[in-house]
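There are 2 protein chains.
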Amino acid sequence: MTLSEDQLLIDTDRFVFNLDQRCDILTIAFQRYMDIIFGAVKNRVSQTKSDSNRTSVFEFAITRPLRDDDVVTALHVDVKGQCMDDAYPSLKSDESYNLKINPNGFATLDANEVWGALRGLETFSQLIYTNNGGVLVINVTSITDKPRFQHRGILLDTSTHFLSVNALKKNLDLMAMNKFNVFHWHIVDDQSFPYESYTFPAMCEKSAYTMEDIYSQKDIADLIEYATLRGIRIIPEFDSPGHSLSWGPPFPGLLTKCYSAGKWDGSYGPIDPSSNTTYPFLTQFFAEISQVFEDQFIHLGGDEVSFDCWKSNPDVNAFMTRMGFPNDYSKLEEYYMTKLHTIVDSVKRNSIIWQEVFDNNVTVAANTWVEVWKGDYQKEMAAVTARGYKALLASPWYLDLISYGRDWLKYYLADPQDFNGTQAQYDLVMGGEACLWGEYVDDTNVLSRLWPRASPVAERLWSPIGTVDIQSAEMRLDEHRCRMVKRGYPAQPFNGPGFCPEEFVDK
Amino acid sequence: MTLSEDQLLIDTDRFVFNLDQRCDILTIAFQRYMDIIFGAVKNRVSQTKSDSNRTSVFEFAITRPLRDDDVVTALHVDVKGQCMDDAYPSLKSDESYNLKINPNGFATLDANEVWGALRGLETFSQLIYTNNGGVLVINVTSITDKPRFQHRGILLDTSTHFLSVNALKKNLDLMAMNKFNVFHWHIVDDQSFPYESYTFPAMCEKSAYTMEDIYSQKDIADLIEYATLRGIRIIPEFDSPGHSLSWGPPFPGLLTKCYSAGKWDGSYGPIDPSSNTTYPFLTQFFAEISQVFEDQFIHLGGDEVSFDCWKSNPDVNAFMTRMGFPNDYSKLEEYYMTKLHTIVDSVKRNSIIWQEVFDNNVTVAANTWVEVWKGDYQKEMAAVTARGYKALLASPWYLDLISYGRDWLKYYLADPQDFNGTQAQYDLVMGGEACLWGEYVDDTNVLSRLWPRASPVAERLWSPIGTVDIQSAEMRLDEHRCRMVKRGYPAQPFNGPGFCPEEFVDK
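Taken in sequence, the protein lines are chains A and B. Per UniProt numbering, residue 1 is the first one in the first sequence, and the count goes up by one each step. Per UniProt numbering, residue 1 is the first one in the second sequence, and the count goes up by one each step.
Check the hints yourself; a few may be wrong.
Identical copies carry no separate label here, and so any pair may be met within one copy or between two of them.
To be verified - Capping the alpha-carbon separation at 27 angstroms, the derived lysine-lysine pairs in DSS-like fashion look like this: (1) Lys218 with Lys507; (2) Lys348 with Lys331; (3) Lys169 with Lys146; (4) Lys311 with Lys339; (5) Lys206 with Lys486; (6) Lys206 with Lys257; (7) Lys206 with Lys379; (8) Lys486 with Lys146; (9) Lys100 with Lys218; (10) Lys410 with Lys170; (11) Lys263 with Lys348; (12) Lys169 with Lys311; (13) Lys146 with Lys170; (14) Lys486 with Lys507; (15) Lys80 with Lys169; (16) Lys170 with Lys218; (17) Lys169 with Lys486; (18) Lys507 with Lys169.
Derived from the structure by calculation, the hints contain no laboratory data.
Turn these sequences into a full structure, and let the hints steer you where they fit.
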């Protein structure tokens with residue numbers, strides 16, 4: 001990036017985005033960015049100059065003679081590849097772009113794919129600011145940009161507390177502002193099952209908190225479209241065989257019955273790998289999921305599987321003896337995960353799992369990704385990649401674990417490739433995720449708690465490995481927090497006393 | 001309190017509040033509680049019955065024959081004392097009330113003063129709920145209620161970050177719902193001076209963050225009226241001689257110049273007690289404050305006064321020698337605080353100070369209250385009351401110091417009278433305050449961070465000393481959180497996974 005001190009005026013009145021091919025994703029994005037760039041300014045002008053018929057900020061600067069060479073009247077967007085209107089972003093999406101604001105006002109955005117163009121549009125919108133004279137300007141700039149990691153995710157959990165579709169959409173807006181590209185949707189868990197399955201409507205009916213707290217098929221299609229338009233993938237997580245108590249009520253026999261003193265104690269444990277109804281159900285269920293969610297990946301969970309309930313259950317143990325692995329509960333887990341992987345594989349989806357499956361020495365398919373979330377993350381990333389698995393890092397970025405003060409510093413300095421390994425191991429690191437688990441989070445606080453605390457993670461996952469200077473990051477983050485606030489999102493103070501030029505005001 | 005299982009219908013159509021004297025505060029409160037009690041229901045009806053001209057929920061129950069003895073058609077409010085329309089709540093306000101919902105549907109609220117009637121109205125509104133049939137009901141109930149402590153405060157800080165008038169009003173709503181009765185407004189501090197003084201407009205002009213981030217005289221009058229209508233006092237804090245850097249820019253000479261190596265190093269310290277312009281300024285300033293804020297009390301601060309700058313300044317030291325207390329900086333502090341107390345006394349206001357003034361062995365006037373905020377609070381409360389000062393407890397309730405998990409438990413179990421002392425000492429404990437300092441708080445998160453975390457403090461300060469059972473508190477708090485959410489406030493999850501029957505939905 002080179003950034004000159006020379007300012008160019010943005011011609012608010014005439015400004016257009018130019019594109020040399022028809023492309024709905026970008027046309028819709030242009031409209032979005034017109035609103036973002038000019039919306040606030042137009043409102044301000046109409047407030048201060050309400051007696052005139054002026055509709056654009058530019059007119060009050062028009063008394064100053066304009067020269068052709070210090071005004072930006074267009075951003076010329078050139079996408080090399082063909083734009084497909086039904087395009088969906090993927091692991092292979094090319095998010096690189098070149099943005100040039102030339103001294104003569106000629107401004108260009110070049111990208112190989114629409115996904116790069118979307119990232120460049122966001123950058124362009126962030127480069128525009130209001131100068132001392134109150135008019136919109138942009139500096140002469142040249143940027144060549146691309147992400148360091150291909151998987152840059154935010155995990156939200158909609159089971160421990162429900163989150164509204166509207167809150168999720170605002171979060172997608174903020175992800176786009178921060179160049180995150182994966183929404184890892186931990187949609188169901190022990191506590192509730194808000195996913196409205198069309199194959200198994202009873203799952204929601206019996207296990208959602210209320211029938212208001214659910215995601216209909218329409219909601220999900222709407223969210224996927226909303227995310228796609230922002231170049232964001234949605235990877236759903238259906239965590240099993242643990243964290244699945246809410247799956248049980250509609251399906252007697254799906255969950256393991258836990259025994260004590262020789263009889264069922266009334267409680268349930270993980271999904272029962274020994275039941276002959278388990279796999280037909282999973283086959284039907286994941287067939288539906290692969291229809292509903294477009295992404296190549298499904299997260300299968302696999303974390304925190306307690307063996308105690310399996311150990312207590314005589315039927316499970318009899319099954320294990322029959323299968324030739326008596327008392328080896330890791331083998332039982334492996335049996336389950338292998339069957340599950342095969343099911344997901346048969347619907348042409350890749351799997352991501354939490355690290356315990358790996359930790360328990362369960363052998364999983366080679367193309368399974370492992371997400372690291374606990375323990376010494378350097379050791380764990382080294383171990384996972386040493387075994388040849390692709391890895392995602394989440395451990396240092398559990399943003400639900402709040403503490404007083406400037407916690408962004410520790411989020412900023414963690415790095416997915418900060419472990420002892422070979423280049424081949426480093427190449428297996430696909431990125432990371434900032435996680436906001438839902439125990440203490442719902443619509444009341446999800447956005448303010450997540451932002452701007454996820455922003456340091458965004459920079460870590462996008463910017464070059466050497467971008468670690470705290471002081472310059474602090475300034476950028478402060479400005480970026482206020483940018484989110486200015487666009488209407490409740491990004492909270494993160495760095496001690498201060499203010500934003502345009503504050504968030506409770507309405 | 002006795003609470004029967006017998007339910008009475010609330011006659012939504014005919015329900016009225018009856019009062020036997022003219023009283024604007026209560027008439028306005030009746031309107032407010034009509035909206036709170038019936039608003040949501042009416043909205044629901046008008047949505048489901050939009051084709052009719054019906055305006056009340058009751059009509060859809062009216063086909064069921066009503067019996068006189070299971071319907072509540074009125075709450076008869078009887079206030080013994082005369083209602084004064086210009087009344088302002090005070091330390092002496094009587095907040096006691098008796099509320100009876102008799103088996104025959106006759107409902108009465110008796111109070112000695114309007115302030116008790118307001119508390120009783122809130123209780124009445126909370127007793128009404130929607131039964132399984134979807135209609136509003138109340139149980140046969142008898143309540144005799146009064147607060148344990150007379151001072152039950154919330155501190156908000158509007159200097160480290162600005163808070164909008166609207167956010168402050170919503171907070172007053174929530175305080176009323178939780179029976180807090182003092183808004184301790186830490187309005188200015190080092191970082192900014194948002195109070196718009198009419199005597200000294202330059203203070204805001206030079207030291208507010210921006211001229212949007214200020215409280216005009218109109219804003220303040222508006223807030224005082226809003227609080228008064230809810231029986232809430234507003235005690236402003238103008239902290240000095242420390243925490244007052246923002247006071248300096250308009251008044252060269254007010255702040256102490258800090259020296260190093262024999263000359264001024266460019267920085268400032270606390271207010272300069274030796275300057276002959278300091279006290280005339282303070283006299284004028286607090287004369288204004290006593291005109292603007294109606295409350296009997298002004299909080300004078302006095303915390304965290306560093307002696308280093310005073311020590312470094314030759315003029316200050318020359319003054320101290322002249323005054324006969326060379327090198328005794330506690331005496332200098334005492335000199336300042338005594339002068340300040342005299343000024344505040346001359347405008348007929350009582351003072352509250354933070355504990356350090358006391359800790360520094362500064363002798364202050366006997367009627368000064370001491371607020372305890374740090375160290376071992378049991379020891380400090382014992383020491384303050386042993387010297388005969390009235391005391392407020394804040395230390396265990398610094399809600400800005402966030403941590404992961406169920407932190408409400410520790411807030412709930414702290415108690416202002418939990419120290420070794422005599423009855424005379426316990427009698428000097430006037431109450432306490434939950435404090436949300438503003439370093440990491442602004443409009444984006446102030447309400448969700450404060451509520452329901454301040455609610456356990458509210459119960460501690462209102463309810464009898466023996467009300468300490470965690471399990472029943474947990475159930476009440478869970479219900480109360482959802483009550484705040486139902487009324488439209490973003491009270492956050494506080495106790496792990498769960499949901500509210502009517503969730504807060506981001507719009």
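Could you work out which of the previously given hints the structure breaks and list their numbers from low to high? 7, 9, 11, 12 and 15
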